[in-house]
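K.L.:
Residue numbers (the numbering used here), protein chains in the order written: chain H, 1 to 360; chain U, 1 to 424.
Simulated from the structure, these hints should not be mistaken for lab results.
Computed from a prediction, not measured in an experiment: that's the story for all the values here.
Among the hints, a few may not be true.
Stated by the list, open to error - Sample of chain U residues facing chain H (criterion: CB under 7 Å; computed from the structure): (1) Ala103; (2) Glu152; (3) Gly227; (4) Ser250; (5) Asp252; (6) Val383; (7) Lys386; (8) Asp394; (9) Asp397; (10) Ala399; (11) Asp406; (12) Asn407; (13) Arg418; (14) Leu420.
Cβ atoms here follow ideal geometry from the backbone N, Cα and C, with glycine treated the same way.
Here is what each chain is made of, one letter per residue.
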Amino acid sequence: MQKSLPTLTQHNQSGWLFALPGFGLMMLFIVVPFVFAILFSMTNQRLISPNPTQFVGLENYQQLLSVNLLVLDPDVTATGEIKRDNRGDIRYPRIRSYTRNNPDYAHLQGMKEWFSWQWQDKKIAILASDPVFMKAIVNTLLFVLIVAPLQGALALGLALLINQRLRGINLYRAIYFMPVVVSIVVVSILWRFIYDGQNGLLNNLFHTLSFGHFTAVDWLGNPNTALGSIMVMSIWQAVGFHMVIWLSGLQTISPTLYEAAKIEGASSWQTFRYVTWPGLKNTAILVLIVITMQAFALFAQVDVMTNGGPLDSTQTIVFQAVERGYGKQDISGGSAISVVLFIMVLGISLLQRYLTREKN
Amino acid sequence: MKTKIMKNILMTTGVSLLTMGAINGYAQTNLSLWYHGAGNPVEAKIIDQIVADFNSNQSDWNVILESFPQESYNDSVIAAALAGNLPDILDVDGPVMPNWAWAGYLQPLNIDQTAIADFLPGTKGYWNGKLYSLGLWDAAVAMITRKSTLTEANIRIPTLEQPWTLTEFNAALLTLKQTGKFDYPLDLGLAWKGEWFPYAFSPFLQSFGGDIVDRSTYQSAEGVLNGDAAIAFGEWWQMLFEEGFSPGNSQDAADRETGLVDGKYAIQWNGNWTALNMLKAFGDDVLFLPAPDLGNGPKIGAASWQLGVSATTPHSQGAADFIKFATQDSYMAAFSDAIGLIPPTETSAAVSQHYQEGEPMATFYELSAQQAVLRPVTPGYVVAAKVFEKALADIADGADVADTLDNAADEINNDIRRNLGYGH
């Protein structure tokens with residue numbers, strides 16, 4: 001007994017030694033930058049500057065996340081009638097008259113309109129100190145909410161299709177997987193040609209299919225279609241990767257279960273519902289988490305295809321972090337965005353874990 | 001076996017002794033030079049020639065050239081500066097220079113001021129009263145079109161003395177649009193993102209009477225970027241896209257390159273670097289027209305790439321000598337002949353192929369001499385340029401003009417405040 005203890009600790013030492021290279025790299029490239037990001041986000045650190053770095057507390061977060069509400073009464077004439085413009089819409093005083101150097105509304109100084117709506121005669125405006133970042137959050141969440149389920153389901157569909165013993169099935173596997181291997185930057189540049197507003201492939205295709213009735217859409221230049229276009233392209237690009245994960249899950253399901261289902265006379269829907277799906281549970285969790293994380297990190301497509309435009313309709317959180325930290329040399333602002341993103345992703349991952357937990 | 005090893009050792013030491021002797025014999029100190037023109041063979045040939053001539057012309061310095069692609073050049077310099085690996089000589093884009101000088105990447109350039117007195121103002125980079133960088137050329141922007149296009153549409157051909165006024169310009173665009181011959185009467189080039197926006201379009205704002213920041217103090221953009229003149233500019237800018245006078249942000253990059261030659265556009269707002277191609281395409285029919293006078297005189301942007309000396313080099317004299325050497329008329333004329341850039345002095349213009357008096361591109365020399373305005377000379381320009389670009393892109397897409405310019409002014413002011421005034 002006395003002898004075995006030192007040997008055990010010795011084993012432990014060599015274990016740590018073996019782990020050291022990987023552990024060290026992870027510390028250096030993941031943990032250290034992460035700690036730096038948190039520290040920088042509370043300073044005014046710049047990318048290049050001769051000025052000393054100063055601690056500013058939560059100013060960066062305040063600048064990013066402040067939101068306020070302003071209720072506007074309509075403009076009225078001397079007789080008390082509500083002014084209307086040519087189209088009959090009610091006229092309101094400009095928001096800038098409240099948010100710029102107005103001592104009565106000092107708490108709104110420098111805030112900008114994020115969005116607004118009309119309620120009875122009044123106009124209710126939500127102000128944010130950084131509406132671009134707010135739009136980036138909304139766009140990113142929208143992207144995650146739409147892409148995650150669609151991409152996952154599509155990938156499962158493809159996996160079921162190619163999980164058959166047919167001649168030449170490997171060819172199909174290769175074809176579906178191909179976009180994953182191509183760099184996302186190259187794919188984005190190609191899709192920019194496809195989406196081109198004047199003579200792009202997509203417009204030409206629709207034009208031909210509709211016998212000339214389709215009027216060309218400027219897919220990436222229109223705020224209503226830009227984000228959707230990026231979603232479609234992103235789903236197409238990464239679907240093959242998740243298809244392979246689903247496929248590996250499908251192949252772990254024992255064929256005897258299918259045989260039993262067949263003997264019991266189960267329809268193909270019943271087979272899927274009661275054999276395939278339960279067998280894929282762990283794969284489903286993995287695929288969902290991976291897609292969610294990838295979707296939150298949306299950057300390259302936006303950077304190559306739209307630069308966040310038109311009218312901020314494709315701004316995303318990571319794009320803003322890079323734009324600020326590097327483009328505008330504001331490392332502290334970029335760090336603050338990264339920390340906000342981290343907290344969001346952490347929260348969602350915990351929620352997913354909770355929802356998909358083993359229920360005993 | 002042993003003898004073989006001994007032989008190897010002897011050989012190696014012998015060779016290294018020989019090379020040491022060689023270095024001592026020439027006694028040249030190496031100077032590294034970073035240049036943004038990788039991937040451009042014409043440009044590379046000239047700069048290689050300058051380096052080779054300089055190295056063989058004197059015995060103190062040996063310049064070693066390293067070229068970078070332009071897109072990643074600034075990133076490379078910033079990364080090198082953070083790592084403490086700056087070269088001895090580096091080239092820098094004119095408007096970025098104050099940022100690098102302020103950050104301590106560059107040191108003042110030790111060149112006699114009287115020797116460069118006749119250089120075009122856009123080629124001399126001053127920050128805080130000191131010369132930091134010097135350009136071997138300048139660039140200018142003009143409206144490029146065909147004589148026949150304007151005469152057929154009965155539009156007056158503007159001159160340097162009498163450029164188009166705002167109303168004349170708008171009327172010309174409308175007339176050209178109504179001919180129905182072109183997709184768009186004017187191509188401003190929104191396909192080119194980045195520095196093109198402030199370089200090519202902020203002179204329009206200045207011609208209206210606004211600016212990116214208040215140049216008297218460089219501490220605020222309030223009132224100049226969102227004042228009445230700027231809002232008038234913004235509304236005019238928005239009108240250009242609403243009326244279909246110019247293709248917007250989603251312009252096809254290929255159309256930007258070939259649209260004018262293909263007849264899709266009637267007039268193109270473009271730099272003198274395309275002038276050679278246009279001359280080839282249109283011959284005598286080509287016109288290089290001065291910027292319109294939108295109220296406060298016609299304006300175009302000034303300053304292109306320039307050479308400077310890094311702050312960390314121990315050999316600043318050698319670096320300055322090289323830059324001085326490069327500013328010979330023959331070299332500056334060579335850049336001009338090969339790429340169509342503007343020679344920075346009258347003497348170099350006189351020996352150049354396209355900028356001699358009477359040649360069609362001489363217009364650009366006059367444009368640069370008479371109308372060129374530097375982009376704001378401040379370290380904060382790097383950020384202000386990004387803000388300005390986004391504001392113009394948003395306004396072109398239909399955003400509210402006053403609000404967008406307000407937001408841009410706020411963002412620039414905020415950035416200046418957080419940088420403690422950028423050392424002005």
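K.L.:
For each hint, tell me whether it holds in the structure or not.
P.N.:
Status of each hint after checking the structure:
1. Ala103: Constraint on Ala103(U) satisfied, holds at 4 Å.
2. Glu152: Violated, because the Cβ-Cβ distance from Glu152(U) to chain H comes to roughly 25 Å (cut-off 7 Å).
3. Gly227: Violated: closest Cβ of chain H sits about 13 Å from Gly227(U), beyond 7 Å.
4. Ser250: holds, 3 Å
5. Asp252: holds, 6 Å
6. Val383: holds, 5 Å
7. Lys386: holds, 5 Å
8. Asp394: With a minimum Cβ separation of about 6 Å from chain H (threshold 7 Å), the hint on Asp394(U) holds.
9. Asp397: Asp397(U) check passes; min Cβ-Cβ to chain H is 4 Å, inside 7 Å.
10. Ala399: holds, 6 Å
11. Asp406: holds, 6 Å
12. Asn407: holds, 6 Å
13. Arg418: Since chain H brings a Cβ to about 5 Å from Arg418(U), closer than 7 Å, the hint holds.
14. Leu420: holds, 5 Å
Of the numbered hints stated above, those contradicted by the structure are hints 2 and 3, listed in ascending order.
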